[in-house]
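> Produce the complete structure using the sequences and hints provided.
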Amino acid sequence: MAYSDKVLDHYNNPRNVGALDKSNEDVGTGVVGAPECGDVMKLQIKVEGDRIVDAKFKTFGCGSAIASSSLATEWVKGKTLDEASTIRNTEIVQELSLPPVKIHCSVLAEDAIKAAIADYKKKTDTGTSSSEKVKQEAP
Amino acid sequence: MTDNCPKCWADLRTPLFCESCDEVLDTQNDSPFRILGMAQGFHLDRMSLRKRLLHLSRHLHPDVHGTADDATRDLAQRKTAELNAAFQILEDDFRRASWLVRSLGGPTEETEPQMPQAFLTEVLEWNEAVEEARTSEPGSTESARLAGLEDELRSERKKLMDGVAAKLTPLPELGSPELVEVRHKLNALRYLDRTLCQLEELRLKQANSPS
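For the record, the sequence lines run as chains A and B.
Numbering of the first sequence is given in this note's numbering, commencing with residue 1 and proceeding in unit increments.
Numbering of the second sequence is given in this note's numbering, commencing with residue 1001 and proceeding in unit increments.
Don't read these hints as lab results, they were simulated from the structure.
Hints may contain errors.
Unchecked claim - In the DSSO-like style, the derived pairs of lysine-lysine whose C-alpha atoms are separated by at most 30 angstroms in a straight line are:
id	chain 1	residue 1	chain 2	residue 2
1	A	Lys-22	B	Lys-1185
2	A	Lys-122	B	Lys-1185
3	B	Lys-1185	A	Lys-123
4	B	Lys-1205	B	Lys-1159
5	A	Lys-79	A	Lys-121
6	A	Lys-122	A	Lys-22
7	A	Lys-22	A	Lys-123
8	A	Lys-22	A	Lys-79
9	A	Lys-22	A	Lys-121
10	A	Lys-77	A	Lys-22
11	B	Lys-1185	A	Lys-114
12	A	Lys-77	A	Lys-123
Here's what the structure looks like:
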């Protein structure tokens, strides 16, 4: 099976590989995995206010998993937490032209974004309550 | 479910063919235990499993049916493939346990993929250690650390597999919540095995490279 050009590009020049200081208050860390293939993905976000100012990832897995997480870090940078949490795996599938057998890689990337946001909100706590309040107040 | 041969009415020990009249049967059965005529359970005697495989293959092998009509030869070939697939599930502890969990109505690794963050972080660290050692010199501290990691993972693997065996003996009831616990252990084994596989590969490569 051939990888698409975009997957190859991310695979050969992955964006934002690395790590942020996990213990830092403004860093959220999400680690997710797929037991079927043994892939593991770590995605970290650095948040200022409610905006993601930096993102890093480390993925052990196939080319599609690496490309999905690389793309995910590109996409979340500059977005607010609420905007980032609306990123869907289907958008990743579309952007990278992933074949049906590789859809779980994009699901993993979406889950990693969500897990990182959840971890950040849990750390700061106020994040969760304020965004919930907004939702409740909205008609 | 066919329990008697449709031709000679002898009791069937396998849905693949009649051991009494040698008729190859075209029945649907996806239980590897039934196909090999073994009692369903996690523990099984490897010797008798091998004996059953050899015994059944002898009767079913396409060569034995070389002079039969096309349809029978074709059927024998298909049934031999089913037999081999069933054997591969039963001879492997992981695959046998995974099959049992699913057949008892428990979750699959697709429906229950979640693992605790702490565990996944550990998996990530194993992978990082492997990656570091891959780029370092043989005999360095990194590769020495790998030997320690391999031992650690092997004993962890044994612990997990013993846990799976204990939970599946006797077999839990249909849909029992214990099946979810077994699936989590099997998921952990998947990650472990993948890392162990990479460690082994690396060890072989380093042993073969001139230092």
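> Hints first: check each against the structure and report whether it holds.
Taking the hints in turn, this is what the structure says about them:
no.	hint	verdict
1	Lys-22/A / Lys-1185/B	holds, 27 angstroms
2	Lys-122/A / Lys-1185/B	holds, 27 angstroms
3	Lys-1185/B / Lys-123/A	holds, 29 angstroms
4	Lys-1205/B / Lys-1159/B	holds, 28 angstroms
5	Lys-79/A / Lys-121/A	holds, 15 angstroms
6	Lys-122/A / Lys-22/A	holds, 13 angstroms
7	Lys-22/A / Lys-123/A	holds, 11 angstroms
8	Lys-22/A / Lys-79/A	holds, 20 angstroms
9	Lys-22/A / Lys-121/A	holds, 14 angstroms
10	Lys-77/A / Lys-22/A	holds, 18 angstroms
11	Lys-1185/B / Lys-114/A	holds, 25 angstroms
12	Lys-77/A / Lys-123/A	holds, 20 angstroms
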